[in-house]
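Each chain is listed here by its residues.
Protein chains: 2
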Amino acid sequence: MAAVTNKPSLIYGIACALIAFNFPPLAAAQSAAGTREVPARKIPVPDTVSPQMQKIIGAPLSPTWNVLPKTSEEWKAQVAKTAEAAVRGLPAMREALKVKLEPVTIDGVKAYMLTPAVIPAQNQNRLLVHVHGGCYVNGPGESGTSEATMIAGFGGFKVLSVDYRMPPDHPYPAALDDAMTVLKAAQKMVPAKNIGVIGSSAGGGLTLSMVLKAKMDKLPLPGAIAPGTPMSDLTGAGDSFNTNAMVDNVLVAYGASCDVRAAMYANGRDLKDPLLSPVYGDMSGFPPTILNTGTRDLLLSNTVRVHRKLRQAGVEAALYVHEGQAHGGWYRDYTAPEAKETFEEIAKFFDKHLGK
Amino acid sequence: MAAVTNKPSLIYGIACALIAFNFPPLAAAQSAAGTREVPARKIPVPDTVSPQMQKIIGAPLSPTWNVLPKTSEEWKAQVAKTAEAAVRGLPAMREALKVKLEPVTIDGVKAYMLTPAVIPAQNQNRLLVHVHGGCYVNGPGESGTSEATMIAGFGGFKVLSVDYRMPPDHPYPAALDDAMTVLKAAQKMVPAKNIGVIGSSAGGGLTLSMVLKAKMDKLPLPGAIAPGTPMSDLTGAGDSFNTNAMVDNVLVAYGASCDVRAAMYANGRDLKDPLLSPVYGDMSGFPPTILNTGTRDLLLSNTVRVHRKLRQAGVEAALYVHEGQAHGGWYRDYTAPEAKETFEEIAKFFDKHLGK
Numbered sequence: 015m016a017a018v019t020n021k022p023s024l025i026y027g028i029a030c031a032l033i034a035f036n037f038p039p040l041a042a043a044q045s046a047a048g049t050r051e052v053p054a055r056k057i058p059v060p061d062t063v064s065p066q067m068q069k070i071i072g073a074p075l076s077p078t079w080n081v082l083p084k085t086s087e088e089w090k091a092q093v094a095k096t097a098e099a100a101v102r103g104l105p106a107m108r109e110a111l112k113v114k115l116e117p118v119t120i121d122g123v124k125a126y127m128l129t130p131a132v133i134p135a136q137n138q139n140r141l142l143v144h145v146h147g148g149c150y151v152n153g154p155g156e157s158g159t160s161e162a163t164m165i166a167g168f169g170g171f172k173v174l175s176v177d178y179r180m181p182p183d184h185p186y187p188a189a190l191d192d193a194m195t196v197l198k199a200a201q202k203m204v205p206a207k208n209i210g211v212i213g214s215s216a217g218g219g220l221t222l223s224m225v226l227k228a229k230m231d232k233l234p235l236p237g238a239i240a241p242g243t244p245m246s247d248l249t250g251a252g253d254s255f256n257t258n259a260m261v262d263n264v265l266v267a268y269g270a271s272c273d274v275r276a277a278m279y280a281n282g283r284d285l286k287d288p289l290l291s292p293v294y295g296d297m298s299g300f301p302p303t304i305l306n307t308g309t310r311d312l313l314l315s316n317t318v319r320v321h322r323k324l325r326q327a328g329v330e331a332a333l334y335v336h337e338g339q340a341h342g343g344w345y346r347d348y349t350a351p352e353a354k355e356t357f358e359e360i361a362k363f364f365d366k367h368l369g370k
Numbered sequence: 015m016a017a018v019t020n021k022p023s024l025i026y027g028i029a030c031a032l033i034a035f036n037f038p039p040l041a042a043a044q045s046a047a048g049t050r051e052v053p054a055r056k057i058p059v060p061d062t063v064s065p066q067m068q069k070i071i072g073a074p075l076s077p078t079w080n081v082l083p084k085t086s087e088e089w090k091a092q093v094a095k096t097a098e099a100a101v102r103g104l105p106a107m108r109e110a111l112k113v114k115l116e117p118v119t120i121d122g123v124k125a126y127m128l129t130p131a132v133i134p135a136q137n138q139n140r141l142l143v144h145v146h147g148g149c150y151v152n153g154p155g156e157s158g159t160s161e162a163t164m165i166a167g168f169g170g171f172k173v174l175s176v177d178y179r180m181p182p183d184h185p186y187p188a189a190l191d192d193a194m195t196v197l198k199a200a201q202k203m204v205p206a207k208n209i210g211v212i213g214s215s216a217g218g219g220l221t222l223s224m225v226l227k228a229k230m231d232k233l234p235l236p237g238a239i240a241p242g243t244p245m246s247d248l249t250g251a252g253d254s255f256n257t258n259a260m261v262d263n264v265l266v267a268y269g270a271s272c273d274v275r276a277a278m279y280a281n282g283r284d285l286k287d288p289l290l291s292p293v294y295g296d297m298s299g300f301p302p303t304i305l306n307t308g309t310r311d312l313l314l315s316n317t318v319r320v321h322r323k324l325r326q327a328g329v330e331a332a333l334y335v336h337e338g339q340a341h342g343g344w345y346r347d348y349t350a351p352e353a354k355e356t357f358e359e360i361a362k363f364f365d366k367h368l369g370k
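Protein sequence lines, in the order shown, are assigned to chains E and W.
Take any residue in the first sequence, note its place counting from 1, add 14, and you have its number in the working numbering.
Take any residue in the second sequence, note its place counting from 1, add 14, and you have its number in the working numbering.
Careful, some of the hints might be misleading.
Pairs involving identical chains hold if they fit within one copy or between any two copies, as the list cannot separate such chains.
The calculated DSSO-like cross-link candidates involving lysine-lysine, where the alpha carbons are at most 27 Å apart (straight line), are [unchecked claim]:
(1) K207 to K366
(2) K69 to K286
(3) K124 to K366
(4) K56 to K286
(5) K56 to K95
(6) K114 to K354
(7) K172 to K84
(8) K84 to K207
(9) K232 to K84
Keep in mind that the hints were calculated from the coordinates and are not lab data.
Work the whole structure out from these sequences, hints included.
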């Protein structure tokens, strides 16, 4: 117990941050029947994952999880700073995974084409469309291409990563519109069934929304999709918003920075609109779907709820839940065996379901 | 905050129980790098599940989770009392699901044959072998047939539920021996590939151990298996032993009653033996496997770790993680839509993979 005695400031610091922050809106529900009272705990890093993943799991809470800029300019400065740090690691990853990056413009929408040095025969006439994460506000330009690079390199696919417009300047539906523009353009490059769509977090939400929008607009659907830890429900429903609060070191808690960013995207629109919270959409006729999440993920529930909805609609859907991982652990370090395994698993799923 | 102020005894009661109980052996690891400090929390019942499931999720901690009888007689009395309560609900469930129960003896091993009123054509020449849960000590006689009744009724399968011998009188390998005796007998009734094996918790561990043992003994393997929330690792490894401690209202915490019962079963044998902790076994060549767990399950990690091992071995494996559910929520109330859905999902998986 020495550790406790020696650093009360840290423990109380976190507790105070939570109170100041108005930690999950549970006050009203506190006396409700069935409420579980969970004592304070110290959760060690598991030894059931790779050393690289232990480092990711053991990292401190994201320094910006509850930092909320007040003006557009402050938001842009924070986004730019995060993007700059992200971009720094990309050239080495592209070199290691032998992936080439080219900026392109597709019918007026900015994007990046990621091309692996070797494209297996079965993938020559296939194309992936990637939509990056970042809670609909982060990940501009090259900084949003990390996951796209991994699926290009580990999976052997050409990937078109959409550099969609974002708030504060461009709220909904700019991102979805841009993603649909690229999807439609992709459908002129290869047959629709040969296209896979992949994205995580906000990109997972967008991946699902793209299919809902394609259904609404009677467009051909992709052959398969891979939404990772999707922001499928912006309303705050989902049990892991509570069970994994302060356990997930990336998003940390519902109502924090990520949800504020999502609200900037929603721009006053009903959060239950399926194009914002796709778990409320009609998933009948969806293409085969592979979902990834982690046991510590704040969006664990909203990933498994999508899985259930898909299965209820009779859709072929595969779920992977990664040991110990918080939000999106598998795409944080390409050298982690968990990254390679996960992207290879996604690639196998695409290979099984995409047209050739 | 009124609720907190008004019932400190409950909160402190739990905290004290944990301290008295020597709550997870984490003291040594508390100051280790990466340890997450999670403040005390109140977790409401989610509204993203059915009313029946809300009741299961909101139930108080299992009254026996940290009750540890001291003698064989005391254990037997506790087991008998729990069994008596469980048996009381079974006739109504059998009537509702139109399932007939018959005690049988298979090569000297006690078992029950569960037969649904209607067996679909494709299941006429198929048979499931069921191994019940109860941490290797609970669930004797008819009391262990609940899950078997649900898969028989919802899935339309004949099910042979093994009433295997248990501690305190019969430690390892009695349970496994009995289960293997029934599996071998079943292989004389229908072709081996037409047999599915299903079981949850200790039964999930046994299901996996049975396949490992069949491989060791060069017996034919079942056509598919359905281990639910398997006790796949008795050593205490698995991150959700920490993250879901006190969140799961069934097992509650590692090292409590369930693990003491498992230790009685192990009887001094190395807990890392794959026949006790099958996550350490060689899963190459395993039959297609469907795994179920819940987001609040103390064994969430040890279910997803088995999923990963199976996929690494190239085995077809499907994972289902149920929103808000603690250990085995889907087989606690046959009237919950989550029960019907889950057993129908398992039945579909068996139908896809079993011989006819």
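Here is how each hint holds up against the structure:
For the identical chains of this complex, K207 and K366 are neighbours both inside a copy (12 Å) and across copies (25 Å), given an alpha-carbon limit of 27 Å. In this homomeric assembly, K69 and K286 come within 27 Å of each other (Cα to Cα) only across copies, at 26 Å, whereas the closest approach inside a single copy is 36 Å. Proximity of K124 and K366 under a CA criterion of 27 Å is satisfied in neither setting, with 30 Å inside one chain copy and 44 Å between copies. Taking the shortest Cα distances, K56 and K286 sit within 27 Å of each other only across copies (25 Å), while inside one copy they are farther apart (35 Å).
Taking the shortest alpha-carbon separations for K56 and K95, neither the intra-copy value of 32 Å nor the inter-copy value of 36 Å comes in at or below 27 Å. Taking the closest pair of Cα atoms, K114 and K354 come within 27 Å of each other only inside a single copy of the chain (18 Å); across copies the shortest separation is 49 Å, beyond that limit. In this assembly of identical chains, the alpha carbons of K172 and K84 never lie at most 27 Å apart, being 39 Å within a copy and 64 Å across copies at closest. Proximity of K84 and K207 under a CA criterion of 27 Å is satisfied in neither setting, with 44 Å inside one chain copy and 64 Å between copies.
In the homo-oligomer, the alpha carbons of K232 and K84 never lie at most 27 Å apart, since the shortest distance is 40 Å inside one protomer and 68 Å across protomers.
When held up to the earlier numbered hints, the structure conflicts with 3, 5, 7, 8 and 9 and fits the remainder.
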